[in-house]
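Throw the hints in and build the complete structure from the sequences for me.
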Amino acid sequence: MSEEGKHANAGRSGLQRLVQAVSNQIARHSSSLLLFMVFCVVVAVGAFMIGDLHTATVQVQRMYAGSVQGLRQIGELQYEAQETRRSTLYALTTNDSNLQVEYADQSRGADRLVTDGIAQYLIGARMPREVEVGRRLQQDWAAYLKVRDEVLASILEGSTKEAVDLDLSGGVPSFDRVRQDLEEVKRLYDEQASEQLTVVDASSRRSVLRLVGVLCFTLLFASASVWAIQRSKMLSALKLAKMQMDFVASVSHELRTPLAVICASAQNIADGVVDEKEQLAKYGSVIRHHSRQLTELVNQILLFASTHEGRNRYVLRPLQASAIIESVLTNTRELAEEAGFVVEQNIEPDLPPVMGDFSAVCQCLQNLVLNAVKYGGSHPSIAIRAFRGKAEGQHPAEVRISVEDHGIGIDSAELQQIFEPFYRSPVVTAAQIHGTGLGLPLAKGIAEAMGGRISVVSKVGVGSRFTLHLPAGQTVESEKAALHRVAQL
Amino acid sequence: MHRLLGMLTMVGAAVLLLEVSPGAARGGPPPASTTAAEQNLAIIVNQANAVDDISLKELRMVFLGERSHWPNGRRITLVMMDPGLAERKAVLRDICRMNENEFSRHFLQGLFTGEVFVSPKTLSSATGVRKFVFNVPGAIGYVRASDVDATVKVIRVNGHGVDDPDYPLRIEARASK
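Residue numbers (the numbering used here), protein chains in the order written: chain A, 1 to 489; chain B, 1001 to 1177.
If you are wondering where the hints come from, they were derived from the structure by calculation, not from laboratory data.
Note that the Cβ used here is the ideal one computed from N, Cα and C, for glycine as well.
Treat the hints loosely; a few may be bogus.
As the list claims (entries may be wrong) - Among the chain A residues that face chain B by a calculated CB cut under 8 angstroms, a handful are:
1) V101
2) D105
3) G109
As C-alpha cells, this is what we get:
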C-alpha cells in the first residue's frame, strides 16, 4: 500500500472513530438531547409567533391611527366646514340683529374647528402630496373665510343684497374649492387605508402560512424526536439483550470447559483407567484446579450481582498498599506464572494508608491484574505501582495503585464502554479471548463503593494502564468522612 | 283706603327697583362692584377701525345718523341697545341730548327726508353689541366699561380715555348695575 493510501486509511479510521464517539454520546444522552432540542424548537417557534403577531398588531394600529382615524377627522372637518357656511346663510334668513349675531358666532365657532383641523392635518402630513393638498386647503379655507367675513358684515349691516352678491361671486366658488380640497384629502386617506389594508392582508396571509409551516415543522420534528427516542430505547434494549445473551454464552462456555475436564477426569477414575497413585494425584490436582476456577467464576458473578444491587456493606479501615499488593500477587502468582508473565512491583516509600475493605480492594485489584494477564498479548510483563496522588479539584489526597500491561490496548472509543456490564470489545471477541464482561464493572463498583474510582489510559497495540484511586486515610476526619460516605451508600 | 295706598307704594318701589337694577330684573348675575370706572360708558368700534379718538360733537353726528362713513370710506353701522336700558339712556342723554321719543322721531323723519343715512341696529345685551361690532368693520356701539373685552376697540372721547376722571360719558348712578 502506498504512503498516500496509508494516510487516507488513517484519516478514515480517525473520522470513523470520531463519528462513533459522537454516536455513542448521542445514543447515551439521546432522550435528554432530543427533549432539549424539542424544548428549544418550541421556545423558538413561540418567540417567532409572538413576534409575528406583534408585527401584525402594530400594522393594524398604524392603519387605524393613520387612515381610519384620519378619515374620521376629515369627516368632522367636512361637517364643520358645512356648518360654517350653513350658519352664515342662516343669518341671511332673519332681520333680527340678535339672531344674526348668534349665527355669526356659530359660524366663527365652526370655522375655528376647521382651521385647527387643517393645522393638525398639516402637522401629521408626511408625504409631499399630503403637504401640498394640506397647504392648498389652508389657503382656500383662508380665502373662503375672508369672503365669509365680508358676507357676515354685510348681513349684520342689513345689506342683504350685497351679502348675497358677495356670497355668489366669492363665497360659493371659494367654498367649492375647499370642498374639493377636503375630498382630495379624503381620497388620500382612502388610498392610504387601502394600501395599509393590502399590507395588513399580506402580513396576515404571511403569518398564516408561517404558522402552518411552523406547526408542520414542529409536528414533524416532534414525531421524528419521538421516533428517535423510541428507536434509541429499542436499540438500548436490544443491545442489553445481546450483551446478556453474550454473557450467558460466555458464562456457559467458561463453565463448560472446566466441567468437561472435571467430568472426563472423574469418568477415567470411575472406569478404573487411572489406578496408579501418581496419576490419581495428577487427576485430583486437575479436578481441584478446575473446581477452583468454577468457584471463582461463580463468586465473581455473585459478587457483581450483589454489588450491582447495592447489597454489599464494606467495613473500611486503614490499609497499607504494600499489604494489598502482596496479597493480590500471592493470589494471582500461579496464573501469571502459568501464562509466563513477569510481575514488577514498585511501591513508593512512606505511603499513607488507604481507607478500604481489605478483601474488596484485593478483589478489585485482582481483577485488574487478571485482565492484564488476559489481554497482555505477546509482551508478558505487568507493572504494579503504588504512589501518592495529589488532591485534584473535588478529589482529596489519595493513594493510587496502577496496573500496567503492554498488551493489545483499548480503542479510545471504547474506553467508556468497557466499564459497562457485559460489554465485550469486538476485538477481544474476535480474538476468542474468553470473559464475562464483568471484571471491570465489578472493579469499578467496588472502588466507588469505597469512595474511590478507577481511571484508564490506553493505546491500541501499546498497552493499558488501569489506576485504582483510593482516599488516603491520614486523618481521623477523613476516616470519619469515608465511613459516613460508605454508610450513605 | 290705607291698604290701597300701601299696595301702590309697594308697586312703586318695585318699579323703582327694576329701573335701578335692570340686570337683576332680567335675572342676570349680581354686580361684583360699583367703582367709578365701571359707571363710564365705553364707545366701541371694530378692531380694524383706524379711528382712535372722536369728539363728542362727531359722536353726536354719528349716533344721530348724520354721518354715514368713516374717514377710511367704510360705511358706519350704528348699534344701539334696547330701549329702557341704562346704557341707552346715557347715550340719549349725553350724546344725542334727546329722550326716547325724540330719538325715534328723529330717525323716522330723517330717513323720510333723506337727512339720515343709517338706521341703528338694536341689540338686547352688551355681549350682542360686542359680537356685532366684532363682526362688522364699520360698526360703532357702546357698552359699560366693565363689559369691554379684547374683541373690540374702545375709542377716546374728546381725548379722554374711559378711565379718565374727565371722561364725559357716564351712566347715572341710580341706573348703574
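Structure-based check of each hint:
Interface restraint check: A/V101 against chain B, minimum CB-CB distance 5 angstroms, threshold 8 angstroms, status holds. At its closest, the beta carbon of A/D105 sits 6 angstroms from a beta carbon of chain B; the interface hint therefore holds under the 8 angstroms criterion. At its closest, the beta carbon of A/G109 sits 12 angstroms from a beta carbon of chain B; the interface hint therefore is violated under the 8 angstroms criterion.
This entry does not satisfy hint 3, going by the numbered hints stated previously; all others are met.
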